[in-house]
Amino acid sequence: MINIFKTSKSVALSMDSFFDKIDLSTLNFKKGVQNYLDGNSVEFIQNLNAITNLESEADTIQRKIENDFYLHSLMPNFASDILNLIENVDDIIDGEKDVLSQFDVETPHIPEAIKKDFAELVSFSAKSVENVIPAARIFFTEPDKAKDNIQKVLFYHRETDTLSTNIKRKIFQDFDDLKLSEKLHLRYFALHIEQVSNEAKNVAQQLSSLVIKIKM
Amino acid sequence: MFLFFISSGLFLGWTLGANDASNVFGSAVGSKMIRFKQAAIIASIFVVLGAVLQGAGGSHTLGKLGSVDALGGAFTVALAAGLSVFWMTKLKLPVSTSQAIVGAIIGWNFFSDNPTDINALIKIVTTWISGPILGGIFAVLLFLLLQFILKRSKTHLIKLDAYIKYALLIVGAFGSFSLGANNIANVVGVFIPSAPNIVLDFGFFTLDGVQLLFLGGGIAIAVGIITYSKKVMMTVGNSLMKLNAETAIIVVLAHSMVLFVFSSQSLSNLFVNIGLPPIPMVPVSSSQAIVGAIIGIGILKGGRNIQVKVIGKIAMGWLVTPIIAGLIAFFALFFMSNVFNLKVSESPSKFIKGDVIVDHNVTTDERTKIIENFDEEPKDTVTVDIYKPAVIIIVTLLILLILYQLFIISKLKEKGKIEEFQDSVDRYNAQQILLENELKTTINRNKKLENEISFKEKEQKKVALSIIRKKEILSKLKAEIEKLKLKPEETLKHSDLNTLKVLILDNLNLENERKSLDTYISDLNDKFFINLEKIYPGLSSNEKKLCSLLRLKLTSKEIASILNIDPKSVEVNRYRLRKKMGIKKNDNLTKIIRKL
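Protein chains in written order, with the numbering used here: chain C, -2 to 213; chain S, 24 to 619.
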C-alpha cells in the first residue's frame, strides 16, 4: 500500500515520457515527409530511423504503464478507459512510422505540381497530433481544460480531410499523363497521411468522453 | 445466564455490522478502490474502539425512551430488532438499527404497559430528520472544499488516485469509529440496566460492566462486518447514485461527522463552554446520514444522477422497520412471557396471563435513573483483578496460536509432500504411458520393416529364380540350336525358327532382371554389408555378393545359376570364404551369415 505513492509517481512520469515520444515522432514525421518531397534522402532516412526508435521506446513505456495499472490496481474505475487512451495514442506513432516506412519502401513518384499540397496535408495532419497530445497531458491534471485542445484537433482533422479529398480529386482529374497505377499509388499516400489525423481525432473523442466520465 | 440473554444483543450487533459497514466502506469497496479484506480489518478494529471509548452517549437517550428493566425483556427486545434488521438486510434494503431498536423498545413499552417518554422519542425521531439534513450540509460543504483544493492543486489523476485510496482508508476508519461510538447504544443499550456490577482490572486499564458490554457489542459488530457485509457493500456502494472516489470520500466523511457529532460528549461540552446549547447524544441512523450526504451532493450536481426509486425504497424501509420491529417485539414478548414464563419486565403487564393490571408507582424518570448513572461506579461493584489471569490467558492463547500455526505448517508440509508424491506418481505414470507408446511405435515400425524385408526377400528370390529359369531357357536354346545345326538345311522349318525366336526374346530380359536383383540385394543388405564389413573386413565384392546370396538361403546350384558360374566354383568360393572368415569346420556358414 505504501508503494502506491511511488508507483503512481512513476506512472505519471512514464505517461509524460510517453507523450514526449509522440511529440518527437510527430516532428520527425512532418520533417521526414518534407525531406522526401524535397528529395533529401539522407535526412529522410534519419527521420525514419528516429521515428522507428521512438516507436519502439513508446511501446516499451506503454507496456510498463499497462503493467503498473494492472499490478497495482490503479484507478480501478477508469483503468480500462485510460489504457485504451494510451493505446490509441500509441496508434498515432504507429501510423506516423508506417507512413514514413511506406515512403521508404514504395518510393512514390509525386509530381512537382502536387508536392505543395502533400506538404500542406502533412502539416495539417501533424497539427491534429500536436494538439491532441497537450489535450491528453492536461487531461490528467486539469480535465476541464482538455476541451480547448480537443476543439482544435477536430478542426485540423476536418481540414486534413478536406485537403486530402482535394488532392485525390486533383490526382484523378488534372494529371492525365499519370498512369492509373500511379494515381492509385498517390491516392493511397494521401489516405495514409490523413489516417494519422484520424488517429488523433479518435484520441480527442475518447478524451471528451473521459472528461465527462471523470467529472461524474 | 446473562451471557445467554445478551446473545440477542450480539445478534443485533452482527446485523448492524453486516448492514451499516456498507455505509462506511461500501463506496470504496464497491468501486474497487479498497479490497474488502482491508476494509473489514480496519472497520472491525475502529468499530470496537469507538464502542468502548465513546459508546456511552447514545445509551442515555435510549434508556430514557424505555428502560427495559428485566434481562428477559432486553433479550426479546434486542432479538426483535435484530430479526427485523436481518430480514430487511436479506431483502437488500438499507435499514437502520436505530429504527429497529426504537420500534422494539416502544413494543416493550406497550407490552409492559410502560409509558413511552415522548420527549426522548421526539429527540430520537428528530435525529431521523436532522441526521440526513446535517449529512447533506456537511457533504455539500466538504464537496465544495475538495473541488476548490483539487482545482488549485492540479494533482495528476494517477497520484490523486493514490491519495484517494489512503483517504478512503482514513475516512473509513473514522467512520467506523463513529459508527461504533454512536450505534453501540442500539446494540447493547437495552442491556445496560441489567449489566453486571463488575470491574475488570487489566493492570494497564480497567473495564466496567457497561464497557464490557460495549466491548462485546463492538466485537459482534466486527464479526458482522467480516462475515456478511460484503454483499451489502456491493449493492449499497453503487445503487443510490454512481459515486466516484472523491465523492465517496466526501459522503463517508459527512456521514462519519454526523455520527461523531451525535456521540461525542467532549464536543457537546465544548458547545456548552462557548455558550451554545448541548448536542443531544442520540444514536443516529447511519443509513439516513449517508443517504442525506448522497442527496446533498446529488442536488449540488443538479440532481440528475439520483435514482428516486431507490430513495423511495429506502424511505419505505425507514417507515416499515420500526413498525415491524415494534410488532415483532410485542408478539415475541407475549410469546416469551406466556410460553417460557420469562420475566420480561419488572412491572407486571396487562398482557401477562392471570395477572391483574397494577398501577406501578415507579415513574419513567426514576426507572431511567439507573441509565443516567450507569457510568458512575455503583457502591456494590465487584472489582476483579484479572491482570494475572489476563496475562496467563494471553500467553496461553499465544502458545495455542503458535501450536496451531505449527500444526497448520506441518499439515501444509504433509500436504505438500503428498502433492509432491502424487506429482511424481503422475509424472511416472505419464512417462510410462509415453514409453509404452514409444515401444508400441517401435514395434510397429519393426513389424513394418520386417514386412518390408520379407517382401524384398521374396522379390529377390523371385528374381533369382527367374534368373535360374532363364539360365535353363538359354541352355535349352543352346541345345535347340545344336539340334538345328545337325539338321540338313532343306528340312529346316519356319516353326523351328519361331521357337528359337521366343527363347531369345525371353533371354533378352535376363540382363534387366540381373540388374534388378543387384538393386534388391543392395537395398536389402544395406545394413548387412556394413556389419559384414565391420566384422570381416577385407572381403572382396564377389565374396560379399556370395554372402548376401547365402543369406537368402539359396543353394549352391541356385547361386551358380544366378552368378552364371559352375556350381563347383560356388563350392570353391564358399570354401575360400569360410577360410577368410575363419569359420570352423563344424559351424554352418549360412547360419553365421544370417546372424549378421
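By construction, these hints were calculated from the structure, which means they are not laboratory data. Values in this document were obtained by computation on a predicted structure and should not be read as measured data. Please note that the accuracy of each hint is not assured.
What the hints assert, rightly or not - Calculated cross-link-like contacts (lysine-lysine; reagent style DSS-like; alpha-carbon spacing at most 30 Å):
| hint | chain 1 | residue 1 | chain 2 | residue 2 |
| --- | --- | --- | --- | --- |
| 1 | S | K557 | C | K212 |
| 2 | S | K602 | S | K591 |
| 3 | S | K510 | C | K6 |
| 4 | S | K557 | S | K501 |
| 5 | C | K212 | C | K149 |
| 6 | S | K484 | C | K212 |
| 7 | C | K210 | S | K253 |
| 8 | S | K471 | S | K501 |
| 9 | C | K3 | S | K485 |
| 10 | S | K608 | S | K550 |
| 11 | C | K61 | S | K182 |
| 12 | S | K557 | C | K3 |
| 13 | S | K602 | C | K212 |
| 14 | C | K212 | S | K576 |
| 15 | S | K484 | S | K55 |
| 16 | S | K524 | C | K144 |
| 17 | S | K591 | S | K484 |
| 18 | S | K607 | S | K557 |
| 19 | S | K174 | C | K149 |
| 20 | S | K182 | S | K324 |
| 21 | C | K210 | S | K591 |
| 22 | C | K210 | S | K618 |
| 23 | C | K212 | S | K591 |
| 24 | C | K210 | S | K479 |
| 25 | S | K182 | C | K198 |
| 26 | S | K60 | C | K142 |
Stated by the list, open to error - Computed beta-carbon distance windows for the label pairs:
| hint | chain 1 | residue 1 | chain 2 | residue 2 | range |
| --- | --- | --- | --- | --- | --- |
| 27 | C | S206 | S | S447 | 51 to 59 Å |
| 28 | C | Q43 | S | K174 | 26 to 34 Å |
| 29 | C | S98 | S | K174 | 54 to 62 Å |
| 30 | C | F169 | S | K174 | 22 to 30 Å |
| 31 | C | A76 | S | Y189 | 50 to 58 Å |
| 32 | S | I152 | C | K210 | 32 to 40 Å |
| 33 | C | S98 | S | S447 | 52 to 60 Å |
| 34 | S | M339 | C | S14 | 48 to 56 Å |
| 35 | S | I156 | C | A76 | 49 to 57 Å |
Claimed, not checked - One-sided excerpt, in silico: chain C residues whose CB lies under 8 Å from chain S:
| hint | residue |
| --- | --- |
| 36 | I42 |
| 37 | N46 |
| 38 | L68 |
| 39 | L71 |
| 40 | F137 |
C-beta atoms are modelled at their ideal positions from N, C-alpha and C, and glycine is treated no differently.
Hints, verified against the model:
no. : hint                           : in the structure
1   : S:K557 with C:K212             : violated (89 Å)
2   : S:K602 with S:K591             : holds (17 Å)
3   : S:K510 with C:K6               : violated (121 Å)
4   : S:K557 with S:K501             : violated (44 Å)
5   : C:K212 with C:K149             : holds (22 Å)
6   : S:K484 with C:K212             : violated (94 Å)
7   : C:K210 with S:K253             : holds (26 Å)
8   : S:K471 with S:K501             : violated (44 Å)
9   : C:K3 with S:K485               : violated (87 Å)
10  : S:K608 with S:K550             : holds (27 Å)
11  : C:K61 with S:K182              : holds (17 Å)
12  : S:K557 with C:K3               : violated (74 Å)
13  : S:K602 with C:K212             : violated (105 Å)
14  : C:K212 with S:K576             : violated (98 Å)
15  : S:K484 with S:K55              : violated (84 Å)
16  : S:K524 with C:K144             : violated (107 Å)
17  : S:K591 with S:K484             : holds (21 Å)
18  : S:K607 with S:K557             : holds (20 Å)
19  : S:K174 with C:K149             : holds (23 Å)
20  : S:K182 with S:K324             : holds (25 Å)
21  : C:K210 with S:K591             : violated (108 Å)
22  : C:K210 with S:K618             : violated (87 Å)
23  : C:K212 with S:K591             : violated (112 Å)
24  : C:K210 with S:K479             : violated (81 Å)
25  : S:K182 with C:K198             : holds (27 Å)
26  : S:K60 with C:K142              : violated (38 Å)
27  : C:S206 with S:S447: 51 to 59 Å : holds (56 Å)
28  : C:Q43 with S:K174: 26 to 34 Å  : violated (44 Å)
29  : C:S98 with S:K174: 54 to 62 Å  : violated (44 Å)
30  : C:F169 with S:K174: 22 to 30 Å : violated (53 Å)
31  : C:A76 with S:Y189: 50 to 58 Å  : violated (18 Å)
32  : S:I152 with C:K210: 32 to 40 Å : holds (35 Å)
33  : C:S98 with S:S447: 52 to 60 Å  : holds (53 Å)
34  : S:M339 with C:S14: 48 to 56 Å  : holds (54 Å)
35  : S:I156 with C:A76: 49 to 57 Å  : violated (37 Å)
36  : I42                            : violated (38 Å)
37  : N46                            : violated (32 Å)
38  : L68                            : violated (13 Å)
39  : L71                            : holds (6 Å)
40  : F137                           : holds (5 Å)
Checked against the numbered hints listed earlier, the structure breaks hints 1, 3, 4, 6, 8, 9, 12, 13, 14, 15, 16, 21, 22, 23, 24, 26, 28, 29, 30, 31, 35, 36, 37 and 38; every other hint is satisfied.
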